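J.: The whole structure should be built from the sequences, with the hints applied where relevant.
Chains as they are written, first to last, in my numbering: chain U, -19 to 338; chain F, -19 to 338.
Hints in this document: simulated from the structure, not taken from any laboratory.
There could be a bad hint or two in this list.
Stated by the list, open to error - FRET-style restraints, in silico, Cβ to Cβ:
#1 F/LYS(-17) - U/GLY105: 56 to 64 Å
#2 F/ARG297 - U/GLU62: 35 to 43 Å
#3 U/THR91 - F/GLU62: 42 to 50 Å
#4 F/ARG297 - U/THR80: 28 to 36 Å
#5 U/THR91 - F/ASP338: 16 to 24 Å
#6 U/GLY(-8) - F/ASP287: 56 to 64 Å
#7 F/ARG297 - U/TRP223: 44 to 52 Å
All values reported here derive from a predicted model rather than from experimental measurement.
We treat Cβ as the ideally placed atom computed from N, Cα and C, and that holds for glycine.
Listed here are the chains, written in short residue letters.
There are 2 protein chains.
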Amino acid sequence: MEKAKAELRQLGKKIEIQTSKKQNPTLIFPLRGLSNIEFDKKSSTLKLGDKTASRSFFNVAHSKKFLQTLDAARISHNLLKEKKHASLRDVFYQMKRTITGTKTNIVDDQTESDAVIEDLELITGCSREQLNINANKNGSVAGNVIVEDKGDIIDWSKMGSGGWSIPSNVEEIKFKKVQAKYVLYMEKAAVWERLHEDKFWEKQNCLIMSSQGQTTRGVRRLLQRLYEEHKLPIYVLTDLDPWGFYIYSVIKYGSISLAHMSEQLTIPGVKFLGITVDDIKKYNLEPNLIKFKDVDIKRIDQIKDYDWFKDNKDWQRQLNELKKLKAKAEIQALSARGISFISEKYLPEKIKNKEFID
Amino acid sequence: MEKAKAELRQLGKKIEIQTSKKQNPTLIFPLRGLSNIEFDKKSSTLKLGDKTASRSFFNVAHSKKFLQTLDAARISHNLLKEKKHASLRDVFYQMKRTITGTKTNIVDDQTESDAVIEDLELITGCSREQLNINANKNGSVAGNVIVEDKGDIIDWSKMGSGGWSIPSNVEEIKFKKVQAKYVLYMEKAAVWERLHEDKFWEKQNCLIMSSQGQTTRGVRRLLQRLYEEHKLPIYVLTDLDPWGFYIYSVIKYGSISLAHMSEQLTIPGVKFLGITVDDIKKYNLEPNLIKFKDVDIKRIDQIKDYDWFKDNKDWQRQLNELKKLKAKAEIQALSARGISFISEKYLPEKIKNKEFID
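T.: Written as structure tokens, this is what we have:
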């Protein structure tokens, strides 16, 4: 928090100096967007390239964005001073007002405020969470872990059937005790409830974590902290379809829209433990496949071509076979073999035999 | 659980008797769907009417559905015996298989299994949750409450910034301590985090609860249990738009698709504490309105015509004014007045002055 405050003050100072010298106030920062994104093979993450963008006050094409950026910086600085957090939507409303003497609003749409907040991440080198701006929370966790959060001591092994609700911002959580061999992250809340009821985390001495659909930033950051600070392997359990593969790859390599945050969010060591094309025969899942739609097939072709899948033989095989299969297998398809098949046989067997895809 | 098991066994017994007498095995139960739904003014809930449907095995139009219904009953009975819970998706996969000697599947699509599970609720008089079948979980809660769930003692006041993650099935939760004057339920997780950070529940001696978008059944049932077993007033905080009003009305009166579950899910005493058309002027929210799309306007007309809104002057006025306004006001629009305006001024003032809509 002190770092973020200092960075924002430095930004203000810089503008102040430029104006006092009668220079055109200008911000320079790495260019975002596809044209400046590269897959860094060394670190195995999506990163921003060397191209920069500049934004000047006395430039008709820039001045509104310049103003928006400074307004976002002001709002974030206030939040940090008051020790409060706002959602992206809150920040949008705090920015949405008419510039005095004009008919122009500072922002009209949340996409505008979201964009300058991402710019602010680049300018300050602080994540949105460190700037006290949060996205939606979504996700649960259970296992032998004790954390301290806002003065409360929370034991993830004693949260009943609900589990602990993962906050949108996990920066200030302190780990008091972490007793687990690995973390199993799954894309579906219903699968989490299944494994929790079967006491999977207790039997396997692991942590189970889920959000719903795309992984929220709070969940990604929590996974990363467990990986880096506690050296826990992270396994990702998804459906067998291009969307599931992408969920895995975002956790591992980062995403195009958040390439500038790769360092703080990606987990290069994460392994895929989801349904594979080989599981179909092995576990007799053929009767439980769901036919692909056109959009699924198109998505396979897109994903096949991504740098991080392109040079990977295992993934190319999975994707090619999946394309021939023309159907997806959901995690819950395993229920057809028995409601606890997943926790008693499928997962223990795959983990024991190290049947991961990397 | 014993009730559900007994009801399912009785269903099996009935079919057994019919077959042993060489009768056509037949199930009779209330007809679902719009044609048999009425708004019961006395109890203020949406209920099913007197029309019944029958389903016979030796009837070409019925036999598949008959089989599906019995298969769902079998799966639920197994779950109850094994003391396990399945998601709707799990049940779909357990039902999805080819009938021996044919090319016909028992179900091809989840809508089919979902439908017969709802029928099973009607036939047995037990909710899906009592039949050990859950939907997705989604939602958080905080406040001065201690519950026991699956042997764990959970203190909702000591859950850090995340809160307790509300399970999809809250039937077996035991309340150990409930210390609160009311429950504030909101449609948005981000607003919940705002109020939680401001310690709203502590200052106001209340509980705060949220899901995201439409209220999940787990959350509705938890609200209802707090209302009935602990006589807590329930206030609903939503956006000012037809979708927000509908979220409120579903909690209060029930929904068309779950009319047969009204008794177990509706809370007639619930009050609307969301943004009203009167708040726009009072709190100077005009600059923060978002223009309606056509679909929003159409939805207002639909809602105006629902029985439970039609005869209610207050709601008709809100809906008429909203139609003139042609714009919505989100809860987070209040952030424009200051990030904690909602918890320090807006809500305390409205609650103190009892500015509810009923």
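J.: Taking the earlier hints as the rules, which of them does this structure contradict?
T.: 5
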